[in-house]
Amino acid sequence: MDVIVRTMIKGIFPFILLFGVYTIMHGHLTPGGSFPGGTMIVVGLTLVALAFGLKKAERIIKEETAHILEGIMAFFLIFIVLFETFFRSILAPTGMIFNLWSAQQILLLNIFGGIMVTMALTMIVFLLMKE
Amino acid sequence: MITIAISVLFLAAFLVLVLKKDMIAISAIVFSFFFLIFIYLAPETMVFAFSGWNPPFGIVWVLDGLGLFMALLITGIMSLTAIYSVKYIKKRKHRYYTLLCLLTIGLLGISLTGDIFNMYVFFELMSVSSYALVAFLLNKESTEAAFKYLVVGSLSSSFLLLGIAMLYGLAGTLNMADLATKVYGGPAFLVVLGLILGGLSLKSAIVPFHFWLPDVHPAAPSPVSALLSSVIVGSGVYMMIRVIFTVFGIVSVFWMLILLGLVTMILGGLMALIQKDAKRLIAYSTVSQIGYIFVAIGIGTSLGVTAGLFHLLNNILLKSLLFMSFGIVLWHTGTRDMNRLGGIGKQMPWVAFCFGVGALGTAGVPPLNGFASKWLIYMATWQVSPVITAIAIIVSAITMAYYIKVFSCIFMGHSNIKIVNKTPKMMLIPVIIITIMCIVIGIFPQIGIMFVEPATNALLNQSQYINAVLGGSVI
Amino acid sequence: MVKNLVVVVCMGLIFSFMLSVFFFPGFGDWENKSVADYYLRNAFKETNSANVVGAIVWDFRSFDTLGEETVLFTAAIGVFSLIMFGLGKEGE
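Residue numbers (the numbering used here), protein chains in the order written: chain S, 15 to 145; chain C, 0 to 474; chain L, 6 to 97.
It is worth saying that the hints were derived from the structure and are not from the lab. Take the hints with a grain of salt, since some may be wrong.
To be verified - Computed cross-link-like contacts, SDA-like style, restricted to lysine to any residue with a CA-CA straight-line distance of at most 25 Å:
1) 147(C) x 139(S)
2) 147(C) x 158(C)
3) 90(C) x 273(C)
4) 144(S) x 90(C)
5) 404(C) x 418(C)
6) 20(C) x 141(S)
7) 20(C) x 82(S)
8) 50(L) x 113(S)
9) 147(C) x 11(L)
10) 181(C) x 147(C)
Said to hold, decoys possible - What follows is a set of in silico ranges between Cβ atoms, one per label pair, in the way DEER data are often shown:
11) 431(C) x 70(S): 48 to 58 Å
12) 300(C) x 77(S): 55 to 65 Å
13) 251(C) x 114(S): 52 to 62 Å
14) 50(L) x 180(C): 23 to 33 Å
What the hints assert, rightly or not - Where chain C lies over chain L, by a calculated footprint (3+ residues, C-beta under 8 Å):
15) 11-24
16) 33-46
17) 64-71
Note that CB positions come from ideal geometry on N, CA and C, so glycine has one too.
Take these sequences, add in the hints, and give me the full structure.
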C-alpha cells in the first residue's frame with residue numbers, strides 16, 4: 015500500500031493495541047470486557063495485515079501460537095467457571111472499589127477470555143485473507 | 000457433579016485439536032455416557048446450581064426424568080457414531096472429532112438445562128457445530144446444503160432469541176421453574192409462544208418449515224446424517240415440548256399441533272415415494288416420523304405423551320441405524336443413486352439384514368420396536384378421533400411401500416457393482432449394536448415403556464418440577 | 006394475487022405482534038418485578054465490582070459466557086476446516 019497509509023498505521027498501531035488491552039483489563043470498572051477488547055486488538059492486526067501484507071502480520075501472531083494459546087486459555091476459563099469452589103481463595107473479592115485488583119474473578123476471566131477472543135478472531139481473519 | 004462430565008467434554012474438544020489424538024474425543028463421549036447412566040440410577044431429581052448462586056438468580060441444571068432420558072439417548076448415539084466414524088472419515092479427522100465433541104456439549108446442554116437463555120446458548124453451539132459438520136466433505140453439494148442450512152438455522156435462532164427476550168421483558172426472570180409461576184396467559188404471552196414455537200419448528204421440521212431437510216441430510220457425511228436425522232431433530236422436539244408443557248404449562252388437546260403433525264406425516268410419506276436418491280428418501284421418512292411424534296404429543300393425555308416419547312426413542316434408534324447402514328453401502332460403492340445400486344445383498348448380508356431391520360421397524364412390522372410405539376399412537380389417537388387413526392394407518396402403509404422400494408432397489412436384483420474391500424469391524428459393530436437394541440425393544444416393549452415412564456411423569460407434573468427447583472435442596 | 010395475500014397476512018401478523026408492546030412493564034421499572042432487582046442491589050456487595058453488567062456477564066451468569074466463547078471457538082474451527090475448499094488443497 016501507499017507510504018502515507020503505512021506511516022499512519024505504523025504510528026497508530028501501538029495505541030490501538032494499548033486501548034484494546036486497557037478495555038480488557040478494566041472490564042470490572044468500565045464498560046467493555048473481553049469481547050470488545052479482543053476485537054480491538056484484532057482490528058489493529060488487520061490494519062497491519064492490510065497495509066504491510068500478510069507475511070509481516072503473521073510474524074506478530076503465528077498460527078501455531080494461536081492454536082496453543084487458545085487451548086490453554088480455554089482450559090483455565092473452564093476450570094474457573096465450572097469449579098469455582100476450589101478457587102475461592104484467589105477469587106474472593108477483596109480490595110477497595112475502583113482498584114485494579116478488586117474483583118478478581120471478573121479480572122481473571124476477562125484476561126483469559128480476551129486472549130481467547132483475540133486468537134480465535136485472528137485465526138479467522140488470517141485464513142480469510144489468504145484467499 | 001455434572002460439571003465433571005461437561006468439563007471432560009470441553010477439555011477433550013480442545014485437546015484433540017492440539018495433541019492430535021482422536022481417542023481423547025471418543026473416550027470422553029463414552030465416559031459421559033457411563034457417567035449419565037450413573038446419574039440416571041439416582042432416585043430423585045437433582046438440581047445443580049452453577050457458580051454457587053441459588054435458583055432464580057443463577058443458572059441451574061435440572062436432571063429430571065425427561066432431561067436424563069434425552070441425555071442418555073444423545074450420548075449413547077454419539078458414542079456409537081464416534082466409533083463408526085473412525086474408519087468413515089479419512090481426511091482432517093482431528094477437526095471432525097473436535098466438532099463432534101462440541102456438538103455433544105451443545106446437545107447435552109439443551110437437554111439438561113433449567114434456564115431458558117442457557118438453552119438458547121447451547122442451541123447456538125449445536126447449530127454452529129452442525130453447520131460445520133454438514134459441509135465437511137467439501138464438495139459442491141455439501142457446501143451448498145450447508146449454506147442453506149446456515150440461513151434457515153440463523154432465521155430460527157433469531158425468532159427464538161426474540162421470543163426469549165420478550166419473555167424476559169414480560170415476566171422478569173429467565174429460570175424455567177420461575178417462569179412457570181409467572182406466566183399467566185393473555186395476548187402478550189401468546190405472541191411469545193408463537194415466536195418461540197415458530198423458531199423451533201424450523202429446527203424440528205414441521206410441514207411449512209421442512210424445506211431445508213431433504214437438501215441438507217443427504218449432503219452430509221453418513222455419520223453426520225445419522226446424527227442430524229435422529230438426535231438434532233429430536234432435540235428440536237424436546238425443546239418444543241419443554242416450552243409448551245413446563246414453561247407455559249398448557250396440558251390439553253392442541254389441535255394445531257395435531258393438524259400440522261397430520262399434514263407432516265402425509266407430505267413426508269408422499270414425497271418419499273418418488274425419490275431416486277436413497278438418502279433423500281430416508282430424510283423424507285424422518286419428516287414423516289416427526290409428524291407421528293407431534294400428533295401423539297399434541298393429544299396431551301398420559302397415553303399420548305408416552306406414545307410420542309416412545310416413538311421419539313424409536314425414531315432416534317431407527318434413523319441412526321438406517322443412515323449408518325446405508326453409509327456402509329455408500330463407503331463401498333460411492334454412489335447414492337438407486338438406479339445404479341443393485342443386488343448388493345448377496346455380497347453384504349449383514350448390512351442388508353441391519354438395513355432391513357431398520358426399514359421394517361420404521362414401517363411398523365410386529366416383532367420390532369416401531370410396531371410397539373405405533374400401536375400406542377393408534378390407541379392414543381383413537382380416544383380423540385378415529386379419523387386421525389385412519390390417516391396414521393394409511394401413512395404406515397405408504398411407509399411400508401417406499402421402504403420395500405428402497406430395500407429391493409439396493410439389496411436385491413442383479414448385481415452391477417463388485418464389492419472389493421471388506422467392511423471394517425469398527426463400522427459394523429455400532430450398526431449391529433443398534434440392531435440388537437431395536438429387536439430387543441421390539442420383543443419386550445416393556446423395557447421401552449419402563450424407560451419412557453419417568454420422562455412422561457416429569458413432563459406432565461409441572462408442580463413437581465417447580466418444587467424441585469425452587470423449593471428443594473440445590474447442590 | 007397470492008403474493009398480495011401473503012403480504013397482507015404478513016403485515017397483519019407484524020402489527021399484531023407490535024401491539025403486544027402495550028403489555029410490557031415500563032422501561033426501567035425493575036422494583037420487585039424481576040431478577041434485575043437482586044442483581045442491581047447486591048452486585049457490588051457480592052462481587053466487589055463497579056460494573057454491574059460485567060458482574061452479571063462474568064459472575065452471576067458466567068456459564069452463558071463460557072458457552073458463547075465456545076461458540077466463537079467453534080466458528081473459528083468451522084472456518085479453519087472449511088477454508089481448504091477455496092484454497093484447493095485438502096490436507097491435515
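Structure-based check of each hint:
{"no.": "1", "hint": "147(C) x 139(S)", "in the structure": "23 Å, holds"}
{"no.": "2", "hint": "147(C) x 158(C)", "in the structure": "17 Å, holds"}
{"no.": "3", "hint": "90(C) x 273(C)", "in the structure": "34 Å, violated"}
{"no.": "4", "hint": "144(S) x 90(C)", "in the structure": "21 Å, holds"}
{"no.": "5", "hint": "404(C) x 418(C)", "in the structure": "22 Å, holds"}
{"no.": "6", "hint": "20(C) x 141(S)", "in the structure": "24 Å, holds"}
{"no.": "7", "hint": "20(C) x 82(S)", "in the structure": "15 Å, holds"}
{"no.": "8", "hint": "50(L) x 113(S)", "in the structure": "15 Å, holds"}
{"no.": "9", "hint": "147(C) x 11(L)", "in the structure": "23 Å, holds"}
{"no.": "10", "hint": "181(C) x 147(C)", "in the structure": "38 Å, violated"}
{"no.": "11", "hint": "431(C) x 70(S): 48 to 58 Å", "in the structure": "56 Å, holds"}
{"no.": "12", "hint": "300(C) x 77(S): 55 to 65 Å", "in the structure": "58 Å, holds"}
{"no.": "13", "hint": "251(C) x 114(S): 52 to 62 Å", "in the structure": "57 Å, holds"}
{"no.": "14", "hint": "50(L) x 180(C): 23 to 33 Å", "in the structure": "27 Å, holds"}
{"no.": "15", "hint": "11-24", "in the structure": "holds (count 3)"}
{"no.": "16", "hint": "33-46", "in the structure": "holds (count 7)"}
{"no.": "17", "hint": "64-71", "in the structure": "holds (count 6)"}
Hint check: violations occur at hints 3, 10; the rest are consistent with the structure.
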